[in-house]
Amino acid sequence: MMKDLKQDSNGVKSEAGNTPRVIVFACKWCGLIGADAAGRKHAQLPAGFRVIPVECASRIEADAVIRAFSSGIDGVIVLGCHLGGCRFNAANHRTAKKLKLLYPLLETVGIDSKRFLLSFGTAHEHHQFEDLINRFYQGLQRLAPMDAWSGSYLSEMGQR
Amino acid sequence: MLKKHADKKPVLIVGAGVAGITAALDLARTGRKVHLVERGPVPGGQVSNLDKLYPTDHCAFCPLWTEIQACIFHPLINIHTLSYIVTVSGDDAGYQVIIGENPHLINESRCILCGRCVPKCGVDAIRLMGEHCYPASYYIDLDRCTRCGDCVDICPTRAIDITRTNSTKVLSVSDIIWATGFQDVDISALEEYGYKTHPDIMTSLEFEDWTAEAGVNQGRIMKKHDKLPPQNIAFIQCAGARDRRLFPYCSAVCCMHALKQAQWVKRRSPDIECVIFYTDMRTEGRHYYEYYQREIEGSAIRLIRGRPGLIFPLPHADGIAVKYEDTIIQRQEIRKFDMVVLNGALRPSLAGDDTLVYKPPLDEEGLVDLRLGATKSCGFCREPVDVETSVIQASSAALLTCMGGPDDGR
Amino acid sequence: MAADIKIGCFLCRCYGEVSRVIDLDELQQEIIRFPWVAFCEIWDSLCLLENIDELTQKISESGTDRILLAACSPLARGDVILHALERHGINQASVELVDIREGCAWIHDNQPKEAMCKARDLINMGLSALKQREVSENQIIVPKREVLIIGAGPAGMSAAVSLARLGFAVHVLDRARNPGGLLNLLKRIAPEDIGAEEDLHGLHKAFTNNALVYYHPGARLISSNGSVGDFAVEFKTGDNLHSVRVGAVIIASGARVMFAKGLYRYTELDGVVSGIELERRFLSGDVRADNVVFIQCVGVRDVNSPYCSTICCPVSLKHARQLKDLNPQAEITILHRDIMCPGNILEAYYRDTMQDGVKFVRFDLNNPPSIVGDERLEGVNVFESVTGISRTIRADLVVLSSALVPHDDAARIAEIFDLALDPLGFYQVRTLMHPLETTRNGIFVCGSARWPVLARTAIVQGEAVAMKAFALLSQDSLAASGMSQFRDRKIAHAIVDRDACTGCGNCVAICPYVACALEPENGAFKSRVNIMRCTGCGSCVAVCPNGSIQLPEQNARVIGAMLKNAFS
Chain X
1 MMKDLKQDSN GVKSEAGNTP RVIVFACKWC GLIGADAAGR KHAQLPAGFR VIPVECASRI
61 EADAVIRAFS SGIDGVIVLG CHLGGCRFNA ANHRTAKKLK LLYPLLETVG IDSKRFLLSF
121 GTAHEHHQFE DLINRFYQGL QRLAPMDAWS GSYLSEMGQR
Chain E
1 MLKKHADKKP VLIVGAGVAG ITAALDLART GRKVHLVERG PVPGGQVSNL DKLYPTDHCA
61 FCPLWTEIQA CIFHPLINIH TLSYIVTVSG DDAGYQVIIG ENPHLINESR CILCGRCVPK
121 CGVDAIRLMG EHCYPASYYI DLDRCTRCGD CVDICPTRAI DITRTNSTKV LSVSDIIWAT
181 GFQDVDISAL EEYGYKTHPD IMTSLEFEDW TAEAGVNQGR IMKKHDKLPP QNIAFIQCAG
241 ARDRRLFPYC SAVCCMHALK QAQWVKRRSP DIECVIFYTD MRTEGRHYYE YYQREIEGSA
301 IRLIRGRPGL IFPLPHADGI AVKYEDTIIQ RQEIRKFDMV VLNGALRPSL AGDDTLVYKP
361 PLDEEGLVDL RLGATKSCGF CREPVDVETS VIQASSAALL TCMGGPDDGR
Chain Y
1 MAADIKIGCF LCRCYGEVSR VIDLDELQQE IIRFPWVAFC EIWDSLCLLE NIDELTQKIS
61 ESGTDRILLA ACSPLARGDV ILHALERHGI NQASVELVDI REGCAWIHDN QPKEAMCKAR
121 DLINMGLSAL KQREVSENQI IVPKREVLII GAGPAGMSAA VSLARLGFAV HVLDRARNPG
181 GLLNLLKRIA PEDIGAEEDL HGLHKAFTNN ALVYYHPGAR LISSNGSVGD FAVEFKTGDN
241 LHSVRVGAVI IASGARVMFA KGLYRYTELD GVVSGIELER RFLSGDVRAD NVVFIQCVGV
301 RDVNSPYCST ICCPVSLKHA RQLKDLNPQA EITILHRDIM CPGNILEAYY RDTMQDGVKF
361 VRFDLNNPPS IVGDERLEGV NVFESVTGIS RTIRADLVVL SSALVPHDDA ARIAEIFDLA
421 LDPLGFYQVR TLMHPLETTR NGIFVCGSAR WPVLARTAIV QGEAVAMKAF ALLSQDSLAA
481 SGMSQFRDRK IAHAIVDRDA CTGCGNCVAI CPYVACALEP ENGAFKSRVN IMRCTGCGSC
541 VAVCPNGSIQ LPEQNARVIG AMLKNAFS
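Protein chains in written order, with the numbering used here: chain X, 1 to 160; chain E, 1 to 410; chain Y, 1 to 568.
No wet-lab data here; the hints were simulated from the structure.
Where hints are given, some of them may not hold.
[What the hints assert, rightly or not] Here are the simulated DSS-like cross-link-like pairs (lysine-lysine), alpha carbons at most 25 Å apart as the crow flies: (1) E:Lys223 x E:Lys266; (2) E:Lys266 x E:Lys323; (3) Y:Lys6 x Y:Lys564; (4) Y:Lys113 x X:Lys41; (5) Y:Lys144 x E:Lys8; (6) X:Lys41 x E:Lys227; (7) E:Lys169 x E:Lys8; (8) E:Lys33 x E:Lys169; (9) Y:Lys131 x Y:Lys6; (10) X:Lys41 x E:Lys120; (11) Y:Lys236 x Y:Lys144; (12) Y:Lys564 x Y:Lys113; (13) X:Lys28 x Y:Lys131; (14) E:Lys223 x E:Lys323; (15) E:Lys266 x E:Lys336; (16) Y:Lys526 x X:Lys98; (17) X:Lys114 x X:Lys97; (18) Y:Lys359 x Y:Lys187; (19) X:Lys28 x X:Lys98; (20) Y:Lys564 x X:Lys28; (21) X:Lys41 x X:Lys28; (22) X:Lys114 x Y:Lys564; (23) E:Lys223 x E:Lys336; (24) E:Lys8 x E:Lys33.
Kindly generate the complete structure, drawing on both the sequences and the hints.
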């Protein structure tokens, strides 16, 4: 079901002003605390991101990230606790190792690695949540949309 | 056995810092009722105000938050904030304690954080206690509030009641555990440190606040007087501690605290030179030496052994002079530093607070007097210790209330 | 099953905080059209005391089994609502809290249209998650009210006596034939400066005389199975095999004294002794020496052993004082890198020792002292870092401070209990607020097995773990859903679809809590999760090659459904 898309001046297709679509997998500890801090301050953020909370960032498999992209999402952020502060006995260390592989892997399947962000920080650093989201969005704006070329699989498979 | 225990009178714990919270949860989980009396508006104590903790380099909020949450939601723990002890009477067989409560003008259980009351206040008395206070609620500073009542009607849940006044409660308890911790100290009486002679000479707790991620500068390191980044920072250890004039004891936490602060400065701004002037680098705790090695070797923090003799603001220039003896080159030196952090003097809260109506017997150093066997205490109010040791002592003190006193001459 | 789910929805205006940005009436109209939504109500608030009663009443009357609350952040008032519902018997796992305040209205105040889209999407995500959510199986056990303690040094004895006095039977395993551990080797205890025998007399007596303390001298641990509340442990004393079932395990196996092999000409020259040898000499008789030099940081605080053994400074101070007591004219010098005497008691100990005339000379790691003398000890040469002068101090006795190192046994015991050791060989424990707990629920570590400590600290730690074990085992029952490491209940634990499981072992390898194990089944291996150990982190789910291990409350279908509904 193709929506009526209009191209804005940045070359990013947006629907009625909706900014790039981003999924944020946030651990319920540092990730969400940071997001909550931004909320409490009424920090104004781009409205195109949706947060999926998980107990620990280690729950997120590479699969979920790739499927998110293939379903038409423009960017994925995974937020976990500071390496050294994961309450699940440093499970986030393994997440770090595992998901870092996504950066080169995504490139091999035609997805710019700048569309993926893996960030570990303390709750207070995610008080910089707003900076993180804003910078990520700025990065996305500079990229061509995912299905900009007719040679892209996505436009044919009708995922968007 | 277990039934008998739960039927005992409640335990009173004074202070809801890391030690008090631990003791409260331990006891409540055995079925014992607990009264947790805290003089501040929220539980958490000094540790919750810290930016980062050693040796995890993690913020203090996360580990503490789940414990505070568990306390708040535990049916057997009664938390009395803005409260203090008025009188204590009785003995080992049982105490009658009168606690005074300063009023929470905003009912925390009704505050939905909408913040509409804040702009209504003409004297800026309403705010959130810290970025992530827990429980989440706005608070009215009793020192500033004029009880004008302008904020009352705007509150959608009718959470504000400015007519509330101090109240007292009588508690009948079996034991009292003191867990009142420490507070920062004004060491301007020790003139050689130059405290208060320059805005950029501050105590380590003030520096922690100033450079906190969640603080006013969002983690940026800058001088207080001109808001520019400093070129160098001097950390002065044992300032006021191990000093017969003020505190003969060693505060136990400052060496690691300085290492942690210095390495976070380097992490955020690698170009800032950090020098730690120390007497003994006390890294005897669990994995502390590894932390020390990693940070000293990794980030080029310089250590100079020696307590500076004099610290003063430069009379005709921007900066602070630190006069010390460099034992490596065997010479007196004066160096200019942009910021000076004084680490050392920490006072047990019981000794430092003149407004306290009741205190247990304290020894010459202001610590709970251990010679009086019956007084149970844990954490810094008992002896200067770090977080892990405070928490261990808290569990031990909790155990003693379950047994009605030690029997092995401890 | 998912098709039968009926969801009750509550949208919170938050007294205008949400409703001024998001049109809740419009949302209500959309939501109510979904066949799986039983009802959708808009309330002014959900979190106040008066709301909770009404809320729980409405929920129970409506007969819905899943609830969606669109309100504020869990850190604000969300947790309050969830806890209140829990207290009224509504399982948190059946409630989905969607944050449309801090997560939507408040961060998109100036983009109401976009905020509306987002709120719609977030609620759709919540609804689809609830539809796909399953419930973890639970397990409830009555905990065994006995405790196993490994080690009968001061920490072990203290824990044993404390628990016994509370009414718990304790089995104490000791490698040695008599309780006391390292304390049996001491004449005097620092910093109290009282005789070891005298000091521990009370503890020793209480340990030996308490009928609830079952002391097993000469014991050897063989195996352990089970988890918190029910550990089946086997051990041998001589040829006899014993089996016990306990609710908690306390490791208090202590540490051993380092043998200063190859350091400072130890065992080559007669006058060079170790701290523990000196202690032995005090036990067997007086020690007289006229010129004594102590060397600190022997074999520790270097590249090979990057840790401070904590006790060596207080112990050397103790020895110096003992020597001074016996010979007030003795010249005693302590060569050190830092004097580790934190706090008030130890700092005062240090100060008093200095006042007694003991001298302190500092050296650096790069320039350690050296022993002077060919056939006979003559003295110690030290480069004094404070003065920059190198000098030789006359000595007829050199004492090398004895550090504590982990027992050789530690690795074996750790393996039996599936515990980890830190890189130095001490038992790995959690930090900060849970310093005596391991990542295995129900297994605690105290005393020098955890980290070198003085006797008094070991006793306090023994009391502290006793309190922890008491708090754990005084529950009427232990439920797997309550066995979270840090909150009173956990949301989910993993479960394996045994038909799909290929036995690859990824989950076994990655689980931070050793909760997965491969079991043989019909010639193949299948994974099984011990739900008492599982904390619900989801690490296993992320590494499973075919999704056969899942967290029911947040299984792959939940994530998939949330992704699908994230953008309408």
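Next on the checklist: Against the 25 Å threshold, does the CA-CA distance of Y:Lys113 and X:Lys41 hold or violate the hint?
Outcome noted: Holds, because 21 Å separates the two Cα atoms, which is no more than 25 Å.
Next on the checklist: Just to be careful, I want the Cα atoms of Y:Lys6 and Y:Lys564 compared with a cutoff of 25 Å; is the pair within it?
Outcome noted: holds, 20 Å
Checklist entry - Is X:Lys28 within 25 Å of Y:Lys131, Cα to Cα? => result holds, 21 Å
Checklist entry - Regarding the pair Y:Lys564 and Y:Lys113, is the alpha-carbon distance no greater than 25 Å? => result With a Cα-Cα distance of about 21 Å, the restraint between Y:Lys564 and Y:Lys113 holds, given a limit of 25 Å.
Next on the checklist: What's the verdict on X:Lys114 and Y:Lys564, does the C-alpha distance respect the 25 Å limit or exceed it?
Outcome noted: Given pair X:Lys114, Y:Lys564 holds - Cα atoms ~22 Å apart, limit 25 Å.
Next on the checklist: Need the status of pair X:Lys41, X:Lys28: alpha-carbon distance at most 25 Å?
Outcome noted: holds, 19 Å
Checklist entry - CA of X:Lys41 to CA of E:Lys120, is that 25 Å or under? => result Judged against 25 Å, a Cα distance of about 18 Å means the pair holds.
Checklist entry - CA of Y:Lys526 to CA of X:Lys98, is that 25 Å or under? => result holds, 24 Å
Item to check | Given hint E:Lys336 paired with E:Lys266 - CA-CA distance at most 25 Å | outcome: holds, 19 Å
Checklist entry - Taken at face value, is the distance from the CA of X:Lys98 to the CA of X:Lys28 at most 25 Å? => result holds, 20 Å
Checklist entry - Are the Cα atoms of E:Lys223 and E:Lys266 separated by 25 Å or less? => result holds, 15 Å
Item to check | Pair hint E:Lys33 and E:Lys169, alpha-carbon separation not exceeding 25 Å | outcome: holds, 16 Å
The structure meets every hint from the earlier list without exception.
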